[in-house]
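Put together the whole structure using the sequences plus the hints.
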Amino acid sequence: GIQVEQSPPDLILQEGANSTLRCNFSDSVNNLQWFHQNPWGQLINLFYIPSGTKQNGRLSATTVATERYSLLYISSSQTTDSGVYFCAVINTGTASKLTFGTGTRLQVTL
Amino acid sequence: ETGVTQSPTHLIKTRGQQVTLRCSSQSGHNTVSWYQQALGQGPQFIFQYYREEENGRGNFPPRFSGLQFPNYSSELNVNALELDDSALYLCASSWRAGDYEQYFGPGTRLTVT
Numbered sequence: 605g606i607q608v609e610q611s612p613p614d615l616i617l618q619e620g621a622n623s624t625l626r627c628n629f630s631d632s633v634n635n636l637q638w639f640h641q642n643p644w645g646q647l648i649n650l651f652y653i654p655s656g657t658k659q660n661g662r663l664s665a666t667t668v669a670t671e672r673y674s675l676l677y678i679s680s681s682q683t684t685d686s687g688v689y690f691c692a693v694i695n696t697g698t699a700s701k702l703t704f705g706t707g708t709r710l711q712v713t714l
Numbered sequence: 004e005t006g007v008t009q010s011p012t013h014l015i016k017t018r019g020q021q022v023t024l025r026c027s028s029q030s031g032h033n034t035v036s037w038y039q040q041a042l043g044q045g046p047q048f049i050f051q052y053y054r055e056e057e058n059g060r061g062n063f064p065p066r067f068s069g070l071q072f073p074n075y076s077s078e079l080n081v082n083a084l085e086l087d088d089s090a091l092y093l094c095a096s097s098w099r100a101g102d103y104e105q106y107f108g109p110g111t112r113l114t115v116t
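If you're matching them up, the sequences are chains A and B in order. Using our numbering, count along the first sequence one by one with no gaps and you end on 714. Using our numbering, count along the second sequence one by one with no gaps and you end on 116.
Don't read these hints as lab results, they were simulated from the structure. There could be a bad hint or two in this list.
[To be verified] Cβ-Cβ distance ranges computed for the label pairs, FRET-style: (1) B:Thr5 with A:Gln659: 24 to 30 Å; (2) B:Glu104 with A:Arg626: 20 to 26 Å; (3) B:Gln44 with A:Gly620: 37 to 43 Å; (4) A:Ile648 with B:Arg99: 19 to 25 Å; (5) A:Tyr652 with B:Thr23: 26 to 32 Å; (6) A:Ala621 with B:Phe72: 46 to 52 Å; (7) A:Gln646 with B:Glu55: 22 to 28 Å.
Note that beta-carbon positions come from the ideal geometry of N, C-alpha and C, so glycine has one too.
So, in structure tokens, the structure goes:
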């Protein structure tokens with residue numbers, strides 16, 4: 605099956621810093637989503653981005669499907685950004701099954 | 004617009020028992036998927052239901068079963084609980100089956116003792 609790897613696995617930032625999270629996948633995809641999982645376990649949708657670039661406030665994401673990677677940019681980080689960030693993909697031809705990456709655990713300190 | 008809801012929030016069961024978890028999909032969505040998330044790992048796909056039929060299954064044994072009702076709500080049933088079934092169970096809904104964006108509920112945390 606498709607492999608989804610995220611880097612870095614852990615990241616500690618001071619409030620106000622910028623960061624880039626990366627997601628590499630091993631096969632073609634029809635769907636790519638970025639999620640933020642808060643401390644209570646809720647997965648919050650950040651982006652649905654099978655290709656191209658999107659921005660939402662301090663967050664933006666870019667997916668280059670032909671090169672099999674996606675990037676999530678967080679600017680001017682805040683303590684509320686802390687948590688685990690997952691990318692998840694639907695492999696072409698696998699009918700709706702989201703395969704999640706390994707996650708990046710982000711801690712933003714004052 | 005109502006989001007995805009799940010019940011109960013937490014549950015404690017004994018090994019060998021059976022459990023039923025429930026999920027209500029987001030308004031207008033007819034597809035529900037279930038995922039299991041063990042501590043420290045990413046969610047793993049269990050199965051998906053589309054228009055009351057199973058539409059794909061992950062690598063889980065038959066004691067994990069499900070249902071979808073005409074109002075598109077869904078149940079996940081687990082028989083003969085094992086200690087390794089302790090996890091966060093997440094339900095996601097989407098507008099249709101396929102490559103559409105999936106939206107997750109808050110999850111049910113199951114502890115098996």
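Outcome of the hint check:
1. The given range of 24 to 30 Å is respected by threonine 5 of chain B and glutamine 659 of chain A, whose C-beta atoms sit roughly 28 Å from each other.
2. Under the hint 20 to 26 Å, the C-beta atoms of glutamate 104 of chain B and arginine 626 of chain A, about 21 Å apart, fit the expected range.
3. In this structure, glutamine 44 of chain B and glycine 620 of chain A break the distance hint of 37 to 43 Å, their C-beta atoms being roughly 31 Å apart.
4. The hinted window of 19 to 25 Å between isoleucine 648 of chain A and arginine 99 of chain B holds, with their beta carbons roughly 22 Å apart.
5. For tyrosine 652 of chain A and threonine 23 of chain B, the hinted distance range of 26 to 32 Å is satisfied, since their beta carbons lie about 31 Å from each other.
6. Range check, alanine 621 of chain A to phenylalanine 72 of chain B: Cβ separation about 47 Å, and the 46 to 52 Å hint holds.
7. Against the hinted window of 22 to 28 Å, the Cβ-Cβ separation of glutamine 646 of chain A and glutamate 55 of chain B comes to about 27 Å, which satisfies the hint.
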